[in-house]
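Colleague: The residues making up each chain are set out below.
There are 2 protein chains.
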Amino acid sequence: MSLLEKFFAGDVQALSSLITEVESRSDGCQAIVAAIYPRTGRACKLGITGPPGAGKSSLVDRFAGELAAESRRVGIIAVDPTSPFSGGAFLGDRVRMRSLAGNENVYIRSMASRGAQGGLSVATFDACLVLDAFGKDWIIMETVGVGQIELDVAQHADTVVVALSPESGDSIQASKAGLMEIGDVFVVNKADREGATNLVTQLNMTLEVRRKNEPWSYPVLATVATTGQGVAELGQAVRRHREFLGRHDRLAVRRKTQLKSQLRKILEDRIRATVSRRFHSDPDWDKLADRVYLKQETPYGAADRILAAWRS
Amino acid sequence: MSLLEKFFAGDVQALSSLITEVESRSDGCQAIVAAIYPRTGRACKLGITGPPGAGKSSLVDRFAGELAAESRRVGIIAVDPTSPFSGGAFLGDRVRMRSLAGNENVYIRSMASRGAQGGLSVATFDACLVLDAFGKDWIIMETVGVGQIELDVAQHADTVVVALSPESGDSIQASKAGLMEIGDVFVVNKADREGATNLVTQLNMTLEVRRKNEPWSYPVLATVATTGQGVAELGQAVRRHREFLGRHDRLAVRRKTQLKSQLRKILEDRIRATVSRRFHSDPDWDKLADRVYLKQETPYGAADRILAAWRS
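Order-wise, the sequence lines are chains A and B.
The first sequence maps to residues 1 to 312 in the numbering used here.
The second sequence maps to residues 313 to 624 in the numbering used here.
Just so you know, not all the hints are guaranteed correct.
Some chain A residues near chain B, calculated using beta-carbon distances under 10 Å [what the hints assert, rightly or not]: (1) Glu-208; (2) Lys-212; (3) Glu-214; (4) Trp-216; (5) Pro-219; (6) Val-224; (7) Thr-226; (8) Gly-228; (9) Gly-230; (10) Glu-233; (11) Leu-267; (12) Ala-303.
Please keep in mind that the hints were generated in silico from the structure rather than gathered at the bench.
For glycine and all other residues, C-beta sits at the position ideal for the given N, C-alpha and C.
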C-alpha cells in the first residue's frame, strides 16, 4: 500500500509521515495536498493562543479529553515558540507532559516555529488539511508566545480562544500583542488565583466596542484547567461560536479569507525560494555585491538591476 | 536648506528624520540611500545580542560612554522585541532609562521589531548607513530577544558581542538560539552573581571548536555593567577583533557578505510588496479563492496559476 492509501485507511503512522512532509516543506507537499484536498473542510478548527504560562496546554488537554470522551476525533497541533528565550516549554517536554498520551481519539503533534519564517504558517495550514482529511472532527492549534507567526496561525482557525492568567499584567500585554482583536472567546485561566475577577472585568470592558460592532457576545470565561472547572462552559462557548459562524454564511466568509491569505503566503514562499536559489547559484550576484561594496552602485540600484534581468 | 543638506551639515533633527524615513520604508528610502551611500563604510559596526535581562543596554551605555569620553561619535540602534511577552522592556522605557541622554557625542534610536517581518532587517541596515554617512565613528546595534530578526540584525555588524548573565541557564539557551555561532566576543555580565565563573568555563568549552577552526580567540569576558567592571576589557576585545578583521581583508569579505544578504532581503521585500499590492487589488484573486474554497482547485494549483499569469 502506498503512503496515501495507508493514510486513507486510517493508519496513524501514515498520518504522521504526511505531516512531517508538509512540515519540512518537501517537494512532495503539493502532491499530498492535491490528493487530500477534496476530503477537507469538515473539521472544526480551533485556535488557542496567549502568553506563556497561561495554561493553554492544560486547557487544550481538558477540552480535547471531553471531546474524546464523546467519541470525537481530535487533532492537536502545538506550535512551539520561535525563541528559546520567550519562556515557553520545549517540544519534547510539552508532548511528554500531556495527559492525553495514549488516548486513541487524540493525535498530538508539535511543530517548532524557530527559524521557520513565513513557512510555518503555510505548513500549519497544510497540517490542518491533513488532519481534516484524516477524519478528525476537531483540530486544535495551540500557539505559545505571540509573535506575528503565532497570530497568523491562530487566524487559520474558525474560532480563536485567547487564554490569559491573572498574573503578570496579562491584559495589557494581550492588548499590545493584538490578541484582543483576534479572539472570539476569552478565558481567564487559573481563576482561583488573586486578580482573576479583576482581569475578567477588564477584559469585559475592553470587549465592549467589539460587542457593539458585531452580533457576537465575545464571552469571557473563568477556568481552572488543572481541576477542570469552567472547561465545560468553554466547550459550550466554542460550540456556540461555531453555530454563530454557521448562520449567514460567516464560516464560508472566514474560510475564504483564510484561503486567500494562504494563497498569498504560498506565493511569497515560492518567490522567496526562487530568490534564495538564484542567490546561491548566480555568479552575477557576487559581482554585483562587489560593485555595491566599491560604491559603484547602491544596494537598491543592484536590486533593480536584478529584478530587471529577471523580467526580461 | 533641504533635509539632506541639513543632514550633511550635521543637523541631528535631519538625522532623525532620515532614520524615520528608512524605518517606515517610505518611497523616499531609495533616494536617501543613493544620496548618502558614497559617504558610508567608515564606521565600526558593533552588534550586541543575548537574552532579555543580560544587561545589554547597561553594557552598551557604559561602552558608548567611554567612546564618547574619547570624543568618538557613537550611534546606537536599539531594536525592541517582537513580542511584548518576550520579557524585554519597551521602547519608551528603554530610551528613558539610558544614562547617555544629553551626551552630544551619542545618538540613540529605538526601532520596534513587532510586525516588521523581513522589513526590519533592511531598515536597520539602512539606518546604519544613515548614521555612518552622518559621521558616526561607532554604530552599536542592540537587539533584545533572539528570534530570526535579531540574528539577522546582529549579522549586519562587523563585530558581534553576545551578552549572557549567570541566571536562568543562559548558556544552554544561547546554544539553542544559535548565538554561540554568531558571536565574536562573549560577555558574562552580572559577573558578581553566583554561577558566573561556571558560565565562563562553559562558554570557553563550547568555543573550543571555533577557536581551533579560526585564527581568532573568541574571548569570554566577565563584566559588571552597573559598576563598569570589565567594560574597558570589553572595549579592548572589540578593538582587537576590529584589527583582526582589518588583516587579510576579512572586513571586506564580511561586508561583501552583508551586502549580498542585504541585496537578497531588498529583493524579497520588493517582491513581497508586489504580491501584497496585487493581493489587495486583483479581483482574480477573489475568484481564485472562491474556486479553492469550492475545491475546484488546491491552494498550490491556484498559486501556480497566479505565478504563470505574472510571468506572461
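Colleague: All the hints need checking, so say for each whether the structure fits it.
Modeller: Results for each hint:
no.: 1; hint: Glu-208; result: violated (22 Å)
no.: 2; hint: Lys-212; result: violated (26 Å)
no.: 3; hint: Glu-214; result: violated (22 Å)
no.: 4; hint: Trp-216; result: violated (22 Å)
no.: 5; hint: Pro-219; result: violated (23 Å)
no.: 6; hint: Val-224; result: violated (22 Å)
no.: 7; hint: Thr-226; result: violated (22 Å)
no.: 8; hint: Gly-228; result: violated (26 Å)
no.: 9; hint: Gly-230; result: violated (23 Å)
no.: 10; hint: Glu-233; result: violated (26 Å)
no.: 11; hint: Leu-267; result: holds (5 Å)
no.: 12; hint: Ala-303; result: holds (4 Å)
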